[in-house]
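A.B. asks: Chain residues, written in single-letter form:
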Amino acid sequence: MKKKFTLNKLIVYVLLSVAAVISLLPLYWVFSTSLQLKSFQDEELERPTSYVNANPPKMYPMGISEYFEHWGKARDAEKAGDVEQEAYHRDLMSLIVKDTFSGFTSLFSKNQMGWWFFNSLYIGIVVTVGILLLDSMAGYVLAKKRFPGRNLIFWLIISTMMIPSQVTLVPMFIMIRDLGLMDTHWALILPDLSMVFGVFLMRQFMLSIPDELIEAAKIDGASEWRTYWSIVLPLARPGLAALGIFTFMNVWNSFLWPIIVLNSAKLYTLPVGLKTLQDANLADFKLLMSGAAIAAIPMIIVFIIFQRHFVKGLTLGGVKE
Amino acid sequence: MELSGRLKNAGKSLKSTGRLMRKNYAAYLFLLPKLILFTLFIAVPVVWAFALSFQEYRIMDANEWVWLDNYKQVFESEAFKKALLNTTIYTVVTVPFNVITALIAATLIHSLGKFAQNFFRAAFYLPTVTSMVIIAMVWRWMYNYEFGLFNHVLGWFGLEQINWLGQTNSALWAIIIMQMLIPFGVGIILYMASMSSISDSLYEAATIDGANAFQKWLKITVPMLTPSTVYLTLLSTIGSFQVFTQIILMTGGGPGYATETLVHLIYKTGFRDFEFGLAAAQSVVLFFIIFVISVVQYKVLNRKG
Numbered sequence: 001m002k003k004k005f006t007l008n009k010l011i012v013y014v015l016l017s018v019a020a021v022i023s024l025l026p027l028y029w030v031f032s033t034s035l036q037l038k039s040f041q042d043e044e045l046e047r048p049t050s051y052v053n054a055n056p057p058k059m060y061p062m063g064i065s066e067y068f069e070h071w072g073k074a075r076d077a078e079k080a081g082d083v084e085q086e087a088y089h090r091d092l093m094s095l096i097v098k099d100t101f102s103g104f105t106s107l108f109s110k111n112q113m114g115w116w117f118f119n120s121l122y123i124g125i126v127v128t129v130g131i132l133l134l135d136s137m138a139g140y141v142l143a144k145k146r147f148p149g150r151n152l153i154f155w156l157i158i159s160t161m162m163i164p165s166q167v168t169l170v171p172m173f174i175m176i177r178d179l180g181l182m183d184t185h186w187a188l189i190l191p192d193l194s195m196v197f198g199v200f201l202m203r204q205f206m207l208s209i210p211d212e213l214i215e216a217a218k219i220d221g222a223s224e225w226r227t228y229w230s231i232v233l234p235l236a237r238p239g240l241a242a243l244g245i246f247t248f249m250n251v252w253n254s255f256l257w258p259i260i261v262l263n264s265a266k267l268y269t270l271p272v273g274l275k276t277l278q279d280a281n282l283a284d285f286k287l288l289m290s291g292a293a294i295a296a297i298p299m300i301i302v303f304i305i306f307q308r309h310f311v312k313g314l315t316l317g318g319v320k321e
Numbered sequence: 001m002e003l004s005g006r007l008k009n010a011g012k013s014l015k016s017t018g019r020l021m022r023k024n025y026a027a028y029l030f031l032l033p034k035l036i037l038f039t040l041f042i043a044v045p046v047v048w049a050f051a052l053s054f055q056e057y058r059i060m061d062a063n064e065w066v067w068l069d070n071y072k073q074v075f076e077s078e079a080f081k082k083a084l085l086n087t088t089i090y091t092v093v094t095v096p097f098n099v100i101t102a103l104i105a106a107t108l109i110h111s112l113g114k115f116a117q118n119f120f121r122a123a124f125y126l127p128t129v130t131s132m133v134i135i136a137m138v139w140r141w142m143y144n145y146e147f148g149l150f151n152h153v154l155g156w157f158g159l160e161q162i163n164w165l166g167q168t169n170s171a172l173w174a175i176i177i178m179q180m181l182i183p184f185g186v187g188i189i190l191y192m193a194s195m196s197s198i199s200d201s202l203y204e205a206a207t208i209d210g211a212n213a214f215q216k217w218l219k220i221t222v223p224m225l226t227p228s229t230v231y232l233t234l235l236s237t238i239g240s241f242q243v244f245t246q247i248i249l250m251t252g253g254g255p256g257y258a259t260e261t262l263v264h265l266i267y268k269t270g271f272r273d274f275e276f277g278l279a280a281a282q283s284v285v286l287f288f289i290i291f292v293i294s295v296v297q298y299k300v301l302n303r304k305g
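So the sequence lines, in the order shown, correspond to chains A and B. Position 113 of the first sequence, counted from 1, bears residue number 113 in this note's numbering, the numbering being contiguous throughout. Position 82 of the second sequence, counted from 1, bears residue number 82 in this note's numbering, the numbering being contiguous throughout.
Everything labelled a hint here was simulated from the structure, so no lab data went into it. Heads up, a few of these hints could be off.
Straight-line C-alpha distance at most 25 Å; calculated DSS-like pairs for lysine-lysine [what the hints assert, rightly or not]: (1) 268/B to 82/B; (2) 110/A to 266/A; (3) 144/A to 98/A; (4) 114/B to 216/B; (5) 73/A to 58/A; (6) 23/B to 144/A; (7) 144/A to 15/B; (8) 145/A to 12/B; (9) 23/B to 218/A; (10) 81/B to 216/B; (11) 73/A to 110/A; (12) 98/A to 110/A; (13) 9/A to 268/B; (14) 299/B to 219/B; (15) 216/B to 9/A; (16) 145/A to 218/A; (17) 9/A to 15/B; (18) 114/B to 312/A; (19) 23/B to 145/A; (20) 145/A to 15/B; (21) 312/A to 144/A.
Far from chain B, by Cβ distances over 12 Å, these chain A residues were calculated [said to hold, decoys possible]: (22) 84; (23) 279; (24) 310.
The beta-carbon is built from N, C-alpha and C at its ideal position, and this holds for glycine as well.
Isolated chain B (complex conformation) (with noise of 0.2 Å):
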């Protein structure tokens, strides 16, 4: 009695989705250039890598199925090793600068008039429209050993020229201080935004309490940009370690392991050695990594705010 009841309500919710689905399929029409693209270019894919990372890869053969062979190649590896170390030191050092210089450079554009906030702004986008390919060019050149705009620059003050990009212990940092001069200009350009949308009570009530322009800052601004502080905290960091271009066009991951970074040696793995398994094994793992991380820092920024 019950069962039958309720054999009818499912059917009578399924004639109902039918009877919508097809009063809609306007809506699916219009969806489905989309979805079939999305499915055959991102969907397979990622079940395709997931699968491909438990298998070894052969191009005549069927491939055979390894399970966690590859994992266990990625995690003994010593190229893995310090590919993950040398990406987490760059993403420690310069995504907190980043964002910090960001939020202090957003703060003293702010104050100033309409025609130099758009003048700053401007300066401090404009490397980010540039590819990183060309940047990477110039930075590689201003490196040089010989003839390099910055060791001519420590010429000055005396100092004693760098091989910047040729020793094992300057290359990696050589890397970092590029991206830390590099303005962080989604950063800026963010914040200025979210300064512009904080209301002014809340300043002018501070300037009643007698507080002075850094109290202000620091107890309303910073904390009225926490929501922005956490996108581009967890924007730059998914950015940092997906680091490839510098690599590639400045040091090749070398000299020896120095500045090999994960996406690098996934490129490498799959694209020079075609260890299509292991590529995809270790692609995998560094999509975990990013999955993790943006997961922490999501839960842990938002607290202190």
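In isolation and in its complexed conformation, chain A is listed as follows (with noise of 0.2 Å):
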């Protein structure tokens, strides 16, 4: 009995840990790439121009080898005391440093790189304050208060989440457009700003806040404002945190609507960038794979300090109502 148990145990685990190579390879291949030796040529072991370019393909970063290889002969020549054979392994080692981010350097360099990411990372910021401030005055209002057009107004909002977003993107185009709005930060924000997933979350969330709680403050003389920033926020605030996660997740990764609005390269979010990108060197995955590592990089971060609340975000958002 015992050992069979410990049998399907280590059944599941190897079927898990399978998925999960499976799951994380493409992730892995990304940074992989992006430090791959590409330019370094070894003349004297008759080496391939391109480690990114090689068939069969090479699993990790060969620079890692090949730094630790010529740093182990610039050792031995400096014990033969070959002055000449030493230098030229160090000065190799330096090239294989400088080659394996290239890809990096280059971004910054040739490409927008900065630009992108501090355009994605403010909008980002923007669009999750606004977010959390509009929709929990809202879903405040449409939880706790009863006022003329509150179903109305809730189930006008919660119908249009049915919506697919394509179907606005033609009259949205002109609208931006007329406004002369075209290629402007606004563009992004504005509309992302209108998204009305948050409001019903935060309705759902604000209706277990107790009653008596937003009572005793009124009868405490707390103006209609103070109750909502002192009393309510604050009790909200699991659910803050759960929106602000997805929000800026969404406004992070958004594509579509960007890449029709935004045509100046010093504008662009990085998915923005990252399809220029590509359109504009199209085989050169060194370079591309170091760009998706750059805009992949913040959000692997913010999972991983976050991941309760995006447990949290997904299971208010889904299971309940």
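From these two lone chains plus the hints, build me the complex, please.
C.D. replies: In structure tokens form, the structure reads like this:
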């Protein structure tokens, strides 16, 4: 009995591990290719000019093994007192380091990666803060106040959640153009701020805040704004955290609308920048993967830090009601 | 007599509504900013899209009302038929596969200890937080004919190399396989959360009745998870009908129309050819397709449970 139990467990671990490797392999491949040696040439050893387009593919950045090989040779040369050989290997070592990170350096020097990153970051933050404020305000009154038109407004907002966002692409394009906002960041921020999912999420969350607390604040003479700001908002913190993370993630990754309204390279967000990068360098996979790596790292960090909130946010929006 | 009484009542209720509105003016102020944005950037564009779908868009003159001409053109176009077919095949294959594998993965992970649970959950959710732009770019590289990882792996088994994205008969399947191999992270997390809320007493009762682990899973776990299954199936079907990013970055809808999808076609019609009326009609059709499928799925799946 005991033995069977452990065997079952082993099978489960093996299955899940294989699946996890499949799951993470593409991300690994992004980082591996981004750091792969590309134009490094070791004439002495007659090695290929590029490990990126090697056949068979190299499974890890070859700079690592090349670096240690030359490091060892440089040390041997040092011991043997061969100054010329030592300098040769030391030169190669610095070449290897340079070549390993050449994708990243050329993204920042020859392309405008710095701007793309900055734009994505600040638009993400502006939209997230805005959404948290607007949606918690709206969600609060929709959950806790009784006033004429409340249900109508709520259902109006909810019913549009069913409509795929592509439906509004063309009218929105005409509108943004006629407002003179084409190729500006307003064209991204304003439509993003009007997303309604957060209103629904915040309302559901606020329903669970006890009425007595709000009543008590009122009796103490707190204004509506004060009640909202210092009673309701702190209580809604878990909901706000979940909504904030998902909003930031959506904005950071948003793609279809930005490629329609942005034309100037300096104004691109990361996904738009990556697309134009690919259009211009179809076969330079080291460069492309370096860009992809830079875009992936922030979300990976956010996810690792806030993992708990991701789980919470998904279950808030999903299972309950 | 009766009429005047009714009028009086109506007047009274109007007055009290007015009073309620005045008393709650703060509530309206709280709602106002969101409501303005909602009206400008969602409500108006939605109505406008429907109107545009019956018009031919002119830059200089007023638009001409062509009524159903756009829709006729949509349904007669080869590109649209191909896009609809491709999107449907893509959805029919990937959605059930992803939902079922998510359920199996969640079941397996759920049986493990806390540390292993966190590890695998993170491993399967990480690709979901990574932008599809990144995923599509790296898969295009892995599918590369000469130097790609996959053709190399095929070589291990002595198989011939495939021009994955470059051939009419394999391109759509390359996109489908990719979608199947990206774990359905949302599904796994939701299923795991729902599983932990199933009461232990159900399983204990089944154990007393002599049920084995698989029977318990099939007769208790799966039925108890029906609400999650319905939600996840709807969610991924809706998402699947909007597939776009992979297409524009990996194949551009080609070769020919081999990987054309609905949203990519809308994008091309609207923002490459600038046929706004036609693009609006296509997007309204997309909306109705998604709407009908959602309603049907909701009804069918709920009845089963």
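A.B. asks: What hint numbers does the structure not satisfy?
C.D. replies: 3, 10, 11, 13, 17, 23, 24
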